[in-house]
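Participant: Here's the letter readout for the chains.
Number of protein chains: 2
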Amino acid sequence: MTEIPYKIYLEENEMPKEWYNVRADMKKKPAPILNPGTLQPVTIDELSHIFCTELAKQELDDTTPYFEIPEEIRNFYKMYRPSPLVRAYCLEKKLGTPAHIYYKFEGNNTSGSHKLNSAIAQAYYAKKQGLKGVTTETGAGQWGTALSMACSYFDLDCQVYMVKVSYEQKPFRREVMRTYGAKVTPSPSMETEIGKKINAEFPGTTGSLGCAISEAVEAATTQEGYRYVLGSVLSQVLLHQSVIGLETKAALDKYGIKADMIIGCAGGGSNLGGLISPFAGEVLRGEANYDIIAVEPASCPSLTRGKYAYDFCDTGKVCPLAKMYTLGSGFIPSANHAGGLRYHGMSSVVSELYDQGILRATSVEQTKVFEAAQMFARVEGILPAPESSHAIRVAIDEALKCKETGEAKNIVFGLTGTGYFDMVAYQKFNDGEMSDYIPTDADLEKSLSTLPKVD
Amino acid sequence: MTEIPYKIYLEENEMPKEWYNVRADMKKKPAPILNPGTLQPVTIDELSHIFCTELAKQELDDTTPYFEIPEEIRNFYKMYRPSPLVRAYCLEKKLGTPAHIYYKFEGNNTSGSHKLNSAIAQAYYAKKQGLKGVTTETGAGQWGTALSMACSYFDLDCQVYMVKVSYEQKPFRREVMRTYGAKVTPSPSMETEIGKKINAEFPGTTGSLGCAISEAVEAATTQEGYRYVLGSVLSQVLLHQSVIGLETKAALDKYGIKADMIIGCAGGGSNLGGLISPFAGEVLRGEANYDIIAVEPASCPSLTRGKYAYDFCDTGKVCPLAKMYTLGSGFIPSANHAGGLRYHGMSSVVSELYDQGILRATSVEQTKVFEAAQMFARVEGILPAPESSHAIRVAIDEALKCKETGEAKNIVFGLTGTGYFDMVAYQKFNDGEMSDYIPTDADLEKSLSTLPKVD
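Protein chains in written order, with our numbering: chain A, 1 to 455; chain B, 1 to 455.
Please note: incorrect hints may appear among the correct ones.
The list treats identical chains as interchangeable, and a pair is accepted whether it falls inside one copy or across any two copies.
Computed list of lysine-lysine pairs in PhoX-like fashion (alpha-carbon distance at most 20 Å, straight line) [claimed, not checked]:
(1) K323 / K453
(2) K78 / K94
(3) K94 / K401
(4) K258 / K7
(5) K428 / K183
(6) K78 / K7
(7) K94 / K403
(8) K368 / K428
(9) K93 / K127
(10) K368 / K254
(11) K127 / K94
(12) K183 / K196
(13) K78 / K93
(14) K93 / K28
In case anyone wonders, no lab produced these hints; they're calculated from the structure.
Next up, chain A with everything else stripped away, as it sits in the complex (with noise of 0.2 Å):
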């Protein structure tokens, strides 16, 4: 048997030339993204109005199963992909498991974790239709900071509302985010009508995602030349995404292994659908199995305690309704220092994987997510993500029932990203300041009351 390196590198010709549309291969096929005002279906053409047109497209296609990735995202790919498959040598010797553990690590980037697969995608697109420029939102700024690099690269003018506390209180965000020359405005800006409307409202508010959405589609609208672009819970995100799970599965192939779990973190579901997308395939056409697990934040649990009906995606309701695991758009999620998982919704692919029983799902509270993220840090070298430490958490587990039970398996799980500009979380976690907050089921029935009422 050959030995499996500390890391596996695919070489660059060995890298993905297409991407994968999971939806292709469901029998059952996602319900389809609804237009807020006629709750019917919404056509490439509405779509048009916000989203670039090759992105419309992919994103209401659930029939083809392949789509070949543009030369000059596979040349922009080749600056930090392929991303290492990684043998976690160490943690299993820590955890004195019989278990082999493996993670793609997508940390190896400015932007710091998976999003940039999606961004690079979204920007060529809007390059490619002549536009000026895009707009979008972002909370702590991971998505932000992807899409400038990616505008960056191809010189198109990038407008990102970012949700005003984090504006304020993760200035280094904004500051990469600047030196790739975006444009980085708080939002509720005065810039918008609505970022005016709402700062008339709520004199001093310091913003939230569902604002800054609403304003980043308010300003994609009004100006000339430009669309909306958005890093997670779409379609056509977990399509580009699937060049995650690809070259997973190339990797693992490459030294013939055969995984038995695959572990992610799941917040609108961005990564968790790429990492999974052909290993789902593989078990919708019925020719593997594999125990598929989602990990999502006790204190925002979509999957795990949600409700699967027709939602909004945001808060300001101005984008497609689309049938989902939610919490309800009004959901508030508590303090928590995973802010990429803190979402009310879920991807809609995921969420009818789920609903089929192709993936399972789990929630795992915070300072139990921070324990193993330092215990990752110090054994295998990498600060993880406080997101992508909710799969490290559940990797751990899995490997340590391995120990009892005495079975080798194979476990596979996303780490999507680095840890650099969340240390305030880790401070919180190093002074034994962490803790934890579990909605109460009063909470969600409350939040779940506000359901669009559909069909």
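For chain A, the structure is supplied; the task is to place chain B on it using the hints.
Facilitator: Same frame as chain A, but now just chain B:
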């Protein structure tokens, strides 16, 4: 001809198994380091009171050309090495140069720089000697972070004296160190005699590197089972850092590329010395010629404007004297955002190579450096550390010269790290508030007047 990939990764089995000691190939050796009390060459015995015995031996050995890299260290290296040698296709295109630009990227690890290469070696020898722990100082925090990671891996206690102003202004680096279990103390502290003395003499002082070194040395020599470790300047550090140059050379050789220029930033000389060692060795042995360039900040120009003389390595004057290019141990560099390059002297190995004409030196001003950093970040996708950006500046300038002359030179430079914890500096640049400062001749005359009398 084989197409050169964007990133050249060696296989794990192609990684160096030995460090290279360039001193062995120098006919005229660097001058010996001297005991500050007796002014006689320091013995291994004397040095072993401060450093681990094995490291003391490495420090004084100027004849053994190769040192085996212990397997434990090689295994640790495998977690983040081999580091890629990147072909800067996008930068070349942006510049429109016929030159081929390559950079050895050392930033893909949580310490964010090449410092980890020596930290893990020093921690290993400390562990092997049965020590309880090590002490060190850190300014901006890169070295402290690297050492914290290394000590955590070998379960060694790690005590870091961090310059108080950095401790307070750079809380994120501090938290990374704490996450790895290090004890981080703002210096001057009330925990050492020298700290108490300095606090009494200068109430409210925010500290200096010199003071932190003195505290760390005191802490090492007054606690049973502790030694002091240092991240740059020393010949042992250059030995460990030769892994950078050896990998670079192996990657170039693999694709049949002959470097014309090797460019590195120079503070204490650890990265530069490590990168150039195998190339300088070829020059010394008469096997090849390279244009080797050390780049230093105009605000701290030890090679270009300093004097080649014996000097104290630390402001506190407790460490051995070294013959080196120096601005005088009392030289106080102006506010400069490349904290890692603010050292008054230069590694005695690099100094001697410079004196023998094996390398040349140039200095650059920081606004020009940040212009290069920004351009590089935008086209190559990596946000570079301010230190590394000194090398980028000169690589760009040399590539532009090639554009004029039409020469297709192979330019190789060291990209020592990322700038994720340097966003305050980028913010200054983004806001147009960055200034340059060059010391006057009178400034240097004054600081050089404090050189010790030796001979």
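Participant: Could you work out which of the previously given hints the structure breaks and list their numbers from low to high?
Facilitator: Going through the list in order, the structure violates hints 10, 14 and respects the others.
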